[in-house]
Structure formats: C-alpha cells, structure tokens
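J.: Both chains come to you apart, so use the hints to assemble them.
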Amino acid sequence: MGRRDSKRSKTDLYAEVLEVITHYPEGARVTRLSYGVGVPVDRLKIIVERLCSYGLANRSVDDEGTSYGVTPRGLEFLDTFWKMKSFLEELGESTGA
Amino acid sequence: MPDATIATGSTARLGKIEGDLKVGSNAKILAESGNRVVVTGGAYFDGPVNIACDFECCQMRVAGKGFGPGPAHGDVKVTGSLLVQGELEIDASAEVNGNITAERVDIGGHLKSKSITSKRVRIGGHMETDGTLEAEDVDVGGHMQVDGQVNIANLRVGGHTDIGGGNIREAIQVRGHFRTRGKLSYGDFHVFGHLTLPAGSRGRRLRALGKVELEGDGYCKTMEVNGVARASGNLEAESLKVNGKLEVEGVLKVEDKLEVFGSMETTNEVECGALAVGGRLVAAEVASSGRADLGGEVETDRGLKAKEIAVGTGSRVKGPLIGDVVEVGKGLDLGGFWAQVSNWRSIGRMTKVDDVYGMDVRIDRYSQAKNVYAETVRMQSGSMAVEVLYTREADVSDGVHLERPLRKVEMLPGFPF
Numbered sequence: 001m002g003r004r005d006s007k008r009s010k011t012d013l014y015a016e017v018l019e020v021i022t023h024y025p026e027g028a029r030v031t032r033l034s035y036g037v038g039v040p041v042d043r044l045k046i047i048v049e050r051l052c053s054y055g056l057a058n059r060s061v062d063d064e065g066t067s068y069g070v071t072p073r074g075l076e077f078l079d080t081f082w083k084m085k086s087f088l089e090e091l092g093e094s095t096g097a
Numbered sequence: 001m002p003d004a005t006i007a008t009g010s011t012a013r014l015g016k017i018e019g020d021l022k023v024g025s026n027a028k029i030l031a032e033s034g035n036r037v038v039v040t041g042g043a044y045f046d047g048p049v050n051i052a053c054d055f056e057c058c059q060m061r062v063a064g065k066g067f068g069p070g071p072a073h074g075d076v077k078v079t080g081s082l083l084v085q086g087e088l089e090i091d092a093s094a095e096v097n098g099n100i101t102a103e104r105v106d107i108g109g110h111l112k113s114k115s116i117t118s119k120r121v122r123i124g125g126h127m128e129t130d131g132t133l134e135a136e137d138v139d140v141g142g143h144m145q146v147d148g149q150v151n152i153a154n155l156r157v158g159g160h161t162d163i164g165g166g167n168i169r170e171a172i173q174v175r176g177h178f179r180t181r182g183k184l185s186y187g188d189f190h191v192f193g194h195l196t197l198p199a200g201s202r203g204r205r206l207r208a209l210g211k212v213e214l215e216g217d218g219y220c221k222t223m224e225v226n227g228v229a230r231a232s233g234n235l236e237a238e239s240l241k242v243n244g245k246l247e248v249e250g251v252l253k254v255e256d257k258l259e260v261f262g263s264m265e266t267t268n269e270v271e272c273g274a275l276a277v278g279g280r281l282v283a284a285e286v287a288s289s290g291r292a293d294l295g296g297e298v299e300t301d302r303g304l305k306a307k308e309i310a311v312g313t314g315s316r317v318k319g320p321l322i323g324d325v326v327e328v329g330k331g332l333d334l335g336g337f338w339a340q341v342s343n344w345r346s347i348g349r350m351t352k353v354d355d356v357y358g359m360d361v362r363i364d365r366y367s368q369a370k371n372v373y374a375e376t377v378r379m380q381s382g383s384m385a386v387e388v389l390y391t392r393e394a395d396v397s398d399g400v401h402l403e404r405p406l407r408k409v410e411m412l413p414g415f416p417f
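Note that the protein sequences, when read in sequence, are chains A and B.
Taking the numbering used here, the leading residue of the first sequence gets 1, the next gets one more, and so forth.
Taking the numbering used here, the leading residue of the second sequence gets 1, the next gets one more, and so forth.
Among the clues, some could well be false.
[As the list claims (entries may be wrong)] Below, computed lysine-lysine pairings styled on BS3-like, alpha-carbon distance capped at 30 Å:
#	chain 1	residue 1	chain 2	residue 2
1	A	Lys-83	B	Lys-245
2	B	Lys-183	A	Lys-83
3	B	Lys-257	A	Lys-83
4	B	Lys-221	B	Lys-257
5	B	Lys-245	B	Lys-318
6	B	Lys-330	B	Lys-408
7	A	Lys-7	B	Lys-112
8	B	Lys-77	B	Lys-112
9	B	Lys-221	A	Lys-83
10	B	Lys-253	B	Lys-183
11	B	Lys-114	A	Lys-7
12	B	Lys-253	B	Lys-318
13	B	Lys-77	A	Lys-7
14	A	Lys-7	B	Lys-211
15	A	Lys-45	B	Lys-112
16	B	Lys-245	B	Lys-211
17	B	Lys-28	A	Lys-10
18	B	Lys-114	B	Lys-183
19	B	Lys-65	A	Lys-45
20	A	Lys-83	B	Lys-211
21	A	Lys-10	B	Lys-112
22	B	Lys-211	B	Lys-221
23	B	Lys-119	B	Lys-221
24	B	Lys-65	B	Lys-119
25	B	Lys-318	B	Lys-211
26	B	Lys-253	A	Lys-83
27	B	Lys-408	B	Lys-307
28	B	Lys-22	B	Lys-77
29	A	Lys-10	B	Lys-65
30	A	Lys-7	B	Lys-65
31	B	Lys-77	A	Lys-45
It should be emphasised that the hints constitute simulated quantities derived from the structure, not laboratory data.
Just chain B, with the same shape it has in the complex (with noise of 0.2 Å):
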C-alpha cells in the first residue's frame, strides 16, 4: 500500500511524503510551499506526469502504454530538476527543465534536460542536454547531444553524437557521425560516420569508417583508417595504419610503424619508425629510423631515408632513396589483404626508382634506377641505371644496360637531405 495516492488527472500540491507515492496518469504535482516535493520512498506513476516544481524520491517509475500522439501516452515533463537516489525509470520520453541525479537513468524514448550527473545512462530513443553529462556508462539509441562537456567511462550511441567536448575514458562506439565542439579525451574509439575532434583532441586507439577531420594538432596512440581522413595541423601516433585515404596538412610523426596500404598524402615530412607503404605515400621528405618496406608508390620532392630500404617489384618511387642498405626489385610481403591487392597491381610491372644512395645498394633485374650512389653495388641482369658511382665494390652482371660508363671514384656526392 502507498503511503499518498494522487487519483489520475488530478492536480496535487505536495510537500514531504514519508514513504512511498502512487499517482495516476495524467496527475498535475505542484510543491506545497517552495519548489520542492520530497518523498523518502518510491515513487510510481501510471502515465503522464507534469510535475511543476523540484522533484527528490528514492526511486521513480512512470509507465507507458506504447508510443503514440500527444502527451497522454506517458511522457513526463518537469520544471525543476530530479533528484532519485536510486533508479529512474520512464518507459516514454522526458523532458527536465533542470538537472537530473540519480544513481541509474533508463528512459525508453527521447530524453530532454539540463545536466545529468549518473552512474548509468539508457536512452532508447534521443538524448538533447543543455547542460553537461557525468556518468560512467552511457548507452543511447537514437542521436545524442550535449552541449557542455563530458565525462564519461564507456559510451555507446545507434545515431549521431554532438558535444561539447570533455572526456571519455574507455570504449566509445558510434554508429552515425561524431562531432566534438571542444577538445575530446578518449579511449578506443570506433565510429562508422564522419568524426570531427577539434585541434588538442588526445586518444588511445581511433577506428574510423567514414570522413575523419583533426581540426589543427592531434595526437592518438593508434590509429586506423579506413576512410578519408584530414588533419589539418600536426598528427602524432605511436602506430597508424591507413586502408583508406590520409591528408595531412603538417607534420605527420608515428613513433612506431606507419603502414599505408590506401592513399596518404602530405606536403610536409614525414617521420617514422618503421614504414610499410602497399598504396600511395606522397610527402616532402620521409625520414623513417628503421626499416622501410615500399610496394606500392612513393613520391617525396626531397627523399626517403631509412636505415634499409627494400622496393618491391613493380613499385615506383619519385625523389631520392637514402640508406644504408638499399634494396630494390625485391619480392616484399607486408602481410594483410591490402597488401595482397597491391603485390596484384605490380605483377608484371617493372620496378621504377629514382636516384639511390646507400652504403650497400643491391638492384634486381627487371628494376630502373636514375643514378646510383654507393659503397658497394650489385646490379643483377635485366636491370637499368643512368650512372653507377662507387668507392670499394661493384659486382654488375651481363645484361646489365648503364648509359654511363660504371665508374669508381674516392667520394660520393652527399646525401640531398
């Protein structure tokens, strides 16, 4: 038995409830003196509810028979804010002029208010916030906005999501596009629409299906795409694998490994740990402090440089190659479909490269190389050269066509960068 009863589709002026209350549908509740109605119990509603004042209860329940026109199918609208130690439970949708506290919010269709501070969050249907969100699972079906800032731990949304910016520590999966007014914090981020994070955004892993736009400086420890993406400032990684297409306008830095099997263009340098290309990588300069493994093409106005360097057969590469072991017309596995796809489009093809420069530089047949630089040359049969200069060895099979003549000389020319 409740301790108050409010019959349905009347209006009641309230104050403090000891114990629990049972309210018909389409009640009116008004605060007896104040704004505010207290009840120390539950609070349960059997549909539509207006409550015209500061709303607290332990626990609050608003049935609803089903969605439909007009508010008499169970929505709740309340002028001040909600404050429910326990659970909050709507079955149709709400709207709070204020904020809502409560320990778990589970609303079945849309969901309008000012700040929401939770430690679980359910929105079947949208989700609007004026104000910020605090919680730590998040869990929307329709779009969600929040005009402040977040601070969420887990967060989930079936169609797009705006904020205001904030943080989201751990898994954020996004169905539709995600859009961030102000500089984001986050975790392993998987979005299948277009995601915009503004210039200081940080992250620890990003998935991107559709367009990715980095407004100015970003930074995420790994990175995938398998879209188009854009920075328009300086990208920082520890390791970033581009399937699809990658612009950046600044400086590109990939502590790690940066592997490009689709498309990754920037008219500034490009600096790497290891560097896999099975597509297309245009830069100014490419400065790689380890091995670089080039199947696809390359094309830098100043060079590529790397510690090794191998070209696989049939790639081209544009602009000078520098390292200390050259290698070019070789057979490469990168592993990975992508990979496979560009070994296909160079059956055949002859392998194509500019001038080298390399302590130890090995050409295999069927390769053209401009001029080459080195200690010690290997040119197998079947390859090309303009000029071949060298200080100690050089080992040049038959069949070998050099338009001048191999000669040996005390110094080479230095390195273009």
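Just chain A, with the same shape it has in the complex (with noise of 0.2 Å):
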C-alpha cells in the first residue's frame, strides 16, 4: 500500500500534513503523523514547525511529549485548498505548486 502514485507538491504535503492532524483532536503525535503522511519523522518535524510558524498548527507538550493541532487559520487553509483543488481540477489545471 504506496502512499501516493504521483510526487507531492509542497502545498500538498502541507495541506496533507493538516489533514491528518484534524482526525485526531486529542493531539498528534510525529510518530503518528509520520505514518499517516508517509514521511520519516525527521523530515516531519520540519513541515509541522514550519507549519506552527504559519499559525496553521500549533504546538502543544505534556508528559507524553509534544503533540499538534490545528489552528482555525489551519482549517480555513484546508477548506481553502480543496475547494481551489476542486475548481482547478474542474479546469483541467494540475494543482502543484
């Protein structure tokens, strides 16, 4: 089971990264995400920190370690991306950025 067919687009992964993060409300763990996304954990901390930077996840640490959310910012850029996703589709554009 390959994650993907094709190559990702940053944007892709970003909004991908996000995605995964929504289904789990209690908090996200790296280890988690990395198997939900299909990326190596050390490349994953990198795109949820800049994720955090955008305001789009934010970052939040108990005993158990660090885990993520999304941001309302987040969820706006997710709806935001599929619809774009959906009418560029429509028109027969590829997505990639």
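T.: Shown next as structure tokens:
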C-alpha cells in the first residue's frame, strides 16, 4: 500500500499533514503523523514546525511529549485548498505548487 | 508483568494465553494447533509482527518508531482474522488477510483488510477493504476504498472515497472525490471533489463543490449545487439551490423551492413549489404551484406556468408566461450574494418577455412583451407590446408603444399548456 502514486507538491504535503492532524482532536504525535502522511519523522518535524510558524498548526507539550493540533487558520487553509483543488481540476489544471 | 513473553526476532507457537502477552519487535506468531491464538488479556507488541493465523485478544497495541522504508518500522501482518474485544491500536500500517472485529480500530498508517466491524474506526493513512464496513464513526486521513457495502453513521475522509454502496446515516465529509458503485442512502453529505451516485440513491442533504454525476433517477431532500451537476434520469428534491450548473436529462421535481442563481438546463419538464431564478433556467416547460420570481434568463419551449409571476428589471424570458398575476419589469430582491450579482448584470437593460397569459397582467416601464392576453391589463409609460387583448379592463398610459391597436374581446386565446 504505497502512499501516493505521484510526487506530492509542497502545498499538497502541507495540506495532507494538516488533514491528518485534524483526525487527532486529542493532539497528533509526530510518530503517528509520519505513518499517516508517509514521511519520515525527521522530515515531518520540519514540516509541522513550519506549519506552526505559519499559524496553521499549534504545538502543545505534556508528560508524554509533543503533540500538534490545527488552528482555525489551518482549517481555513484546508477548506480553501480543497475548494481551489476542485476548481482547478474542473478547469483541467494541475494543483502542483 | 505479562503472563507470557516472546523475545525480539523470535518465532513462537501459541495456543491459549491466560492473561497478557508481551512481544518484542519482528516476532512471528503461529498457532500451536488449529489456526487460532487466543489471549485472554491484552497483547502488546514493541514493533512489527507477523501473525500467521487468526488472533483473538482483549486489547492489542503495536508500537512504532516512525515511518521509514521496509517492514522494520512497525508494520503488522496477519494472515488470518483479528478479533479484539477492546481497542486495536497500531502506530504503523497493517495488512490483515481476514476480517477485523474490534470495539475501536486506531491505525496510524494504512490498513488493508477484509470486512471490518467496529464502533469507531480511525485510520491516519489509506484504508482498503475487500469486504464490508460496519461502524458508527469512520475517520480516514487518506483515501478510502471499500469493495462491499457500508453501514456507517458518520464518515470523514481526507482523500478520495470509493465504496460499494450501502447506508451512511448522518454526516459525511469527503475532501476528495466520492464514488459509490451501488446505491447509497445518505444523511448530510458535504463533498469537495467530484461525486458519483448511482440510480436509486437517496439522501437528506447534499452540498457538492465539484462535479456531481447522478446516474439515473435520484432523490435528495435538500440539495445545493455549487459546482457542476448532471442527472441522467429524473431528479426529485424538497428544495434545490443551484449556484453552479445543473443539467437534468429527465424530469426535475422540487416539492418546495427551486432557486437557480447559476445555470439549470433540462430538455424535459420542471415542476416546483416556488421558483426563484437569478441566473439561467432552460426547460421544455416549467410548472410552479406557487410564486415564480424571474430575475435572470428563462427559456422554455412550451412555457412557464405559476400562480404569481414577477419578472425582474432587465430579465429575459423566452417562451410563454402563464399566471394568475404576472408583473413584468418589477424590482426584485431574491436575497443572497448570487442574486445581487444577477441584479448587477441586469442594470440598465430592458426587460423582455414573450407572450403573456394571465388574469391580471402588469407591464412596467422599459419592459417589452410580445402578445399580452389578460382579463385586466395595466401598461406603464415606456413599455411595449405587439398585441394586447383583454376581456375586462385595460389601463394603458401615454407613451406606451403597441404595434397593433388595443382590443377588448369576448374570449382570450387558450393557454399553450
């Protein structure tokens, strides 16, 4: 079961990471996320930290370690991303960023 | 302390374990006799495991250290079925040749299996199921494919979804495309990508942004088309709003209100309660049992019939209008953003309609009708018509342009339909 047939663009990857995070309302841990997104932990850490710096995700630390959640701005990004993807597919355009 | 322990990298033949089982990484488990291992307590795995038989336990947890190439990163392989009375929790991906039954299924990576029965299913990556899926809540981060029927209360999928049909009773949110090969009963459906529903599918609410294909006859109580939708059969709804484009090959029946702010086309009939058009509506004929507010463009072959018809300023209507009360060139407020956009388009345009049949017909200024057949007619200065026939009363202001003289008649021509 391969994760993707074709190479993902940076924007696709950001959206995918955020999407998987939304499925963990209790907070997503990087190990779990890495399996869901199909990206090694070290690379994923960089991506989620970048999402945090953009205000799309947030970080919380507890006894068990660091977990991530999606901010309202992140949810807005996801909605916009999927709407735009749908429009572009309709127009026969690629969503590659 | 676990009641049984299997060392990392070893192969163990097991029968029934009373209590908990603790297994190191990269172990292989075989059945001692028959094809089943039963653990009466929990089964805890430090990493990847290969279970070459059916496996039953109270709780199952497989830890992973993170995604990476090869099987060494926590993947689980089970050649039989999995029966977990409590939670089945796997950090990485799992491939189960048989069925999965568990109170809760929580997989971080991908899952491939036969049928799944569980209260709650959460998959971080993709889900691929050869059999059926029975669950209350299903949450998939990636794509989801179920070859058989589904029976689900709530479904949320981050990627594309492909199912064999069935029933999804409550909320459905799919970010990608959704396709079902068998007919589907659905609750509140919100899809961002393309949606394909076969004939006989029925639902409570449908909001679609991408392309919607309704193959054959379909029913949806409340439908909102924001992208492009096409129904190859008859379509029935209680209320229907078209902000994008809708094409119906069969008959469209809307019990309550039909609102068209985008474009709606059918070569057949449209039946509805109330009608509001801010965009473009094309049909063989339109029959509304209530009021019709026409603020955009309407084109019919045989005509549009309603109790009351109001044609907004700057609107265009091709085909006859038939109503008890018909007002042409009226300022309309259809409400909402798209209605406002439609109003902007019509600014400064003359209102144009074809033949008008009615009891009480009013043609306002800067409006043009072909022929007007009515009991009572009122025409404001600056309006135009080819011929006006009436039976009771005509109030025609100065500055009205009529190509033929105004005539009072005993009987009006019959309605076209």
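J.: Next step is simple, just say for each hint if it's right about the structure.
T.: Evaluation of the provided hints:
Restraint check: the Cα-Cα separation between Lys-83 of chain A and Lys-245 of chain B comes to about 16 Å, which is no more than 30 Å; the hinted pair holds. Annotation: proposed proximity of Lys-183 of chain B to Lys-83 of chain A holds, straight-line Cα distance about 26 Å (limit 30 Å). Of the supplied pair hints, the one linking Lys-257 of chain B and Lys-83 of chain A holds, its CA atoms being roughly 26 Å apart against a limit of 30 Å. Restraint check: the Cα-Cα separation between Lys-221 of chain B and Lys-257 of chain B comes to about 11 Å, which is no more than 30 Å; the hinted pair holds.
The hinted pair formed by Lys-245 of chain B and Lys-318 of chain B meets the criterion: a straight-line CA distance of about 19 Å does not exceed 30 Å. For the hint linking Lys-330 of chain B to Lys-408 of chain B, the alpha-carbon distance of about 25 Å falls within 30 Å, and the restraint holds. A distance of roughly 22 Å separates the Cα atoms of Lys-7 of chain A and Lys-112 of chain B; the hinted pair therefore holds under the 30 Å criterion. Between Lys-77 of chain B and Lys-112 of chain B the CA atoms are separated by roughly 10 Å; this keeps the pair inside 30 Å, and the hint holds.
The suggested pairing of Lys-221 of chain B with Lys-83 of chain A holds, with an alpha-carbon distance near 24 Å, which does not exceed 30 Å. Simply put, Lys-253 of chain B and Lys-183 of chain B have alpha-carbon atoms about 20 Å apart, close enough for the 30 Å limit, and the pair holds. Restraint check for Lys-114 of chain B and Lys-7 of chain A: satisfied, since their Cα atoms lie roughly 29 Å apart, inside the 30 Å limit. As the CA atoms of Lys-253 of chain B and Lys-318 of chain B are separated by approximately 21 Å, the hinted pair is consistent with the 30 Å bound.
A distance of roughly 27 Å separates the Cα atoms of Lys-77 of chain B and Lys-7 of chain A; the hinted pair therefore holds under the 30 Å criterion. Pair hint Lys-7 of chain A plus Lys-211 of chain B holds up; C-alpha atoms about 25 Å apart against a cutoff of 30 Å. Distance restraint check for Lys-45 of chain A and Lys-112 of chain B: the Cα-Cα separation of roughly 27 Å lies within the 30 Å cut-off, and the hinted pair is therefore satisfied. The suggested pairing of Lys-245 of chain B with Lys-211 of chain B holds, with an alpha-carbon distance near 9 Å, which does not exceed 30 Å.
With a CA separation close to 39 Å, the supplied pair Lys-28 of chain B and Lys-10 of chain A exceeds the 30 Å bound. Distance restraint check for Lys-114 of chain B and Lys-183 of chain B: the Cα-Cα separation of roughly 21 Å lies within the 30 Å cut-off, and the hinted pair is therefore satisfied. As the CA atoms of Lys-65 of chain B and Lys-45 of chain A are separated by approximately 14 Å, the hinted pair is consistent with the 30 Å bound. The suggested pairing of Lys-83 of chain A with Lys-211 of chain B holds, with an alpha-carbon distance near 12 Å, which does not exceed 30 Å.
Among the hinted pairs, Lys-10 of chain A with Lys-112 of chain B is consistent with the structure: their alpha-carbon atoms are about 27 Å apart, no more than 30 Å. Our distance criterion of 30 Å between C-alpha atoms is met by Lys-211 of chain B and Lys-221 of chain B, whose separation comes to about 19 Å. For the hint pairing Lys-119 of chain B with Lys-221 of chain B, the CA-to-CA distance comes to about 28 Å; that is within 30 Å, so the pair holds. About 27 Å separates the Cα atoms of Lys-65 of chain B and Lys-119 of chain B, which keeps this hinted pair within 30 Å; it holds.
Pair hint Lys-318 of chain B plus Lys-211 of chain B holds up; C-alpha atoms about 28 Å apart against a cutoff of 30 Å. Straight-line distance between C-alpha atoms of Lys-253 of chain B and Lys-83 of chain A comes to about 29 Å, which keeps the hinted pair within the 30 Å bound. With a C-alpha separation of about 24 Å, the suggested pairing of Lys-408 of chain B with Lys-307 of chain B holds against the 30 Å cut-off. Of the supplied pair hints, the one linking Lys-22 of chain B and Lys-77 of chain B holds, its CA atoms being roughly 17 Å apart against a limit of 30 Å.
Straight-line distance between C-alpha atoms of Lys-10 of chain A and Lys-65 of chain B comes to about 24 Å, which keeps the hinted pair within the 30 Å bound. Proximity of Lys-7 of chain A to Lys-65 of chain B is assessed by CA-CA distance (about 24 Å); at most 30 Å being required, the pair is judged to hold. At most 30 Å may separate the alpha-carbon atoms for a hinted pair to count; Lys-77 of chain B and Lys-45 of chain A meet this at roughly 28 Å.
The structure fails hint 17 only (numbered hints given earlier).
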